[in-house]
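Number of protein chains: 2
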Amino acid sequence: MAVGFYYKGSELMVDGVSMRSIAEKHGTPIYVYSGGLIVQNYRRIADQFPGMDVMVAYSVKSNSSLAILKLLKDQGASFDIVSGGELQRVLKVGAKGDRIIFAGVGKSKDEMRAALKAGVKEFNLESEAEARRLNEVAKEMRTIAPVAIRVNPDVDAKTHKYISTGKAENKFGVSMKRAIALGNEIRTSLTNLKLQCLHTHIGSQILDSTIHPRLVKKMVDFTETFIRETGAAITSLDFGGGFGIAYQKRQKPLDLKPFAKAVAPELKRLGLSLRLEPGRSILGPCGALVTEVQYIKRGDKKTFVIFDASMTELIRPTLYEAYHEILPVTKRRGKAEVVDFVGPVCESTDFIAKDRKAVLPAQGDLLSIMDAGAYGFVMASNYNTRPRPAEVLVKDGKAKLVRKQDTFDDIVKNESF
Amino acid sequence: MAVGFYYKGSELMVDGVSMRSIAEKHGTPIYVYSGGLIVQNYRRIADQFPGMDVMVAYSVKSNSSLAILKLLKDQGASFDIVSGGELQRVLKVGAKGDRIIFAGVGKSKDEMRAALKAGVKEFNLESEAEARRLNEVAKEMRTIAPVAIRVNPDVDAKTHKYISTGKAENKFGVSMKRAIALGNEIRTSLTNLKLQCLHTHIGSQILDSTIHPRLVKKMVDFTETFIRETGAAITSLDFGGGFGIAYQKRQKPLDLKPFAKAVAPELKRLGLSLRLEPGRSILGPCGALVTEVQYIKRGDKKTFVIFDASMTELIRPTLYEAYHEILPVTKRRGKAEVVDFVGPVCESTDFIAKDRKAVLPAQGDLLSIMDAGAYGFVMASNYNTRPRPAEVLVKDGKAKLVRKQDTFDDIVKNESF
Chain A
1 MAVGFYYKGS ELMVDGVSMR SIAEKHGTPI YVYSGGLIVQ NYRRIADQFP
51 GMDVMVAYSV KSNSSLAILK LLKDQGASFD IVSGGELQRV LKVGAKGDRI
101 IFAGVGKSKD EMRAALKAGV KEFNLESEAE ARRLNEVAKE MRTIAPVAIR
151 VNPDVDAKTH KYISTGKAEN KFGVSMKRAI ALGNEIRTSL TNLKLQCLHT
201 HIGSQILDST IHPRLVKKMV DFTETFIRET GAAITSLDFG GGFGIAYQKR
251 QKPLDLKPFA KAVAPELKRL GLSLRLEPGR SILGPCGALV TEVQYIKRGD
301 KKTFVIFDAS MTELIRPTLY EAYHEILPVT KRRGKAEVVD FVGPVCESTD
351 FIAKDRKAVL PAQGDLLSIM DAGAYGFVMA SNYNTRPRPA EVLVKDGKAK
401 LVRKQDTFDD IVKNESF
Chain B
1 MAVGFYYKGS ELMVDGVSMR SIAEKHGTPI YVYSGGLIVQ NYRRIADQFP
51 GMDVMVAYSV KSNSSLAILK LLKDQGASFD IVSGGELQRV LKVGAKGDRI
101 IFAGVGKSKD EMRAALKAGV KEFNLESEAE ARRLNEVAKE MRTIAPVAIR
151 VNPDVDAKTH KYISTGKAEN KFGVSMKRAI ALGNEIRTSL TNLKLQCLHT
201 HIGSQILDST IHPRLVKKMV DFTETFIRET GAAITSLDFG GGFGIAYQKR
251 QKPLDLKPFA KAVAPELKRL GLSLRLEPGR SILGPCGALV TEVQYIKRGD
301 KKTFVIFDAS MTELIRPTLY EAYHEILPVT KRRGKAEVVD FVGPVCESTD
351 FIAKDRKAVL PAQGDLLSIM DAGAYGFVMA SNYNTRPRPA EVLVKDGKAK
401 LVRKQDTFDD IVKNESF
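The listed protein sequences derive, respectively, from chains A and B.
Counting in my numbering, the first sequence runs from 1 upward without gaps.
Counting in my numbering, the second sequence runs from 1 upward without gaps.
Bear in mind the hints are in silico, worked out from the structure with no lab data behind them.
Hints are all accurate, no fakes.
A pair holds if it fits inside one copy or across any two, identical chains being indistinguishable in the list.
Result set (EDC-like, lysine to aspartate or glutamate): computed pairs, CA atoms no more than 16 Å apart in a straight line: (1) K261 / D53; (2) K92 / D409; (3) K301 / D355; (4) K331 / D365; (5) K25 / E292; (6) K177 / D300; (7) K268 / D53; (8) K302 / D154; (9) K92 / E415; (10) K109 / E292; (11) K404 / E415; (12) K301 / D340; (13) K217 / D154; (14) K400 / E415; (15) K404 / E24; (16) K70 / E415; (17) K92 / D410; (18) K177 / D154.
The shape of chain A in the complex, shown without the other chains (with noise of 0.2 Å):
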């Protein structure tokens, strides 16, 4: 059975099954996952490093769906969380505590203590002061905290600023100058902590296939140094994510075989294991927006397409001046023309697409936003008093609603007045 999007015909197809179908069944705007390509992606990462201790760990907060998550759990998926609500949502679709890793700049005490109760692999340190709680919360639990020290490889990734993170200016990760004095604090003085791994992240959407190999030169180099100089038994390098996709026809997805040939023979000279965080790369291909055309508007300057999906359901447009292909569900013939692709909320920011050329759609018309899966519904808002969409995941052929669209009283919940 074909997997992912294509068409059939004119229409667009997900894993053997109408878009259109799933559009008229439960309403639009919705989220529409292709469960085989999640699978075959996944697959694609974990597969490429044979003969390797990998442990691919999805990070969740690409898109947090329990569903997904299940999915990816039974086919061996670790997890990458960045919270404790991101915590309780991998155990509750049954993942172990030794698969999770546990990362973000502002843990709390409760989440630490969440995690150390849960067991899990590691935490990524991004901070001494981090380090410091952790161990005090660690000796308060009477246990030992695993642990990696986040490196600022101070490596430029050459993507949205928005995205970078591997530069000594964030708030991400420590300088390895500092990363090997918080070694030895650790040796010496921290000792409920054990110090086995070494991360770095340095950004999303890395298109260009040099970069990572070039940080494998630069970690080996100095976990090396940092052996050397705190004397910690490291086991483990952690190279985050960050593969790019292909979200424009021109781009083509990061290759990962560069990566996988620099890494491969120095892990094994050094007897390391490595861990990979992907998120994107995994899920980003993989879902799509569908929405409903409300209106065309021919205003003096430009045609407006205006739709009932928004920057409530995906913001990056907005965020990240990202760019989404936008397809027809039903092919339509004509000529192709400029157009706005924009959403009803009542802001200037709340468009999809501009100036995009493309066969003008009518009224009523079903349209596809496409690489929607990762950072689309997990930013979702209900701005505008908007209720956050439904979301369907297409596995083994058959179309199942994984989550509800809001209703009014979900939204207003917890309010009272």
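Using the hints provided, position chain B relative to the given structure of chain A.
The following block gives chain B in isolation, referenced to the frame of chain A:
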């Protein structure tokens, strides 16, 4: 009793209540609103136009808390809504249909039906296609829909590109020329619409007090032309909102006097009533987001204050490069230094203030992010599976929890796997 936010000794207060007491009782991050200031700001606008027939329709999208809507309703406010969900909100607090104006570029048929059933005062039409759909829906319901045409006067509001709406190339409203054509179409063909108002809104956060008087001149001239050319029985002019507030110390809130002075004689001369749709100018200064410092992180190039508020509670800095004053809940002595205030969310975009001069707080300190009453909570998300925060409204010297924080069960309520 003192109203709004102010220091008593070294403690930040709101309407006579200590901010610390609220944070300690209900936890952080938390939104706190000054009911006294909400009333004062509403009155300042409502009382600005003595002797005129003025309808002040509070822009619900800026802050749609049921408790705040109720407070404003009790002051006699009308409501400007942009969705079926907002309609349900204002009806829930007891607003009558003739107090409701329905705006928005993407009204669905269901929303139109609900609004007609509620007997709303007016629909602000944003396009020809919308006028035709509304006419059809009204005809089906055997009723007449009262309408305004939203006109783009092509006046530059001199504000952030993301909040400017009055120029010709955006999705809102129609040009003056097309407004006349639409007026004639309504008269001749769309006989289930009753055209009674012309509406304009040129952008948000306008601080230049010469802009509204210019807009008055342009709209009044246009109204005379419009009536002459279409024969429409226009009885009101709606100038929308966009009145700016002082986010920064060097700013001054928009002075409404020049607008009032310009608009009063003109509307009297034409026998028209006035409509306004303020949101931020009433609510903006009335809300603060209180947060607890989690970590002080001294990087090589920067010092970060990592607190427990983030872009999931307040996205304005990320979205609009917006400035919010950050005040200590308890004043601290010390030398000011330059720091970044950031949240715990795993995103480089997650900052509240960059390069801000402040006395360095300590871990555990409470800080108050000011002027967060509008476009704050309403844009909150569960990104990173973070619960959306609680909200407290202080009224008559009493702090009342008007929204509980999300629980994990709330967040996953509609999901299945």
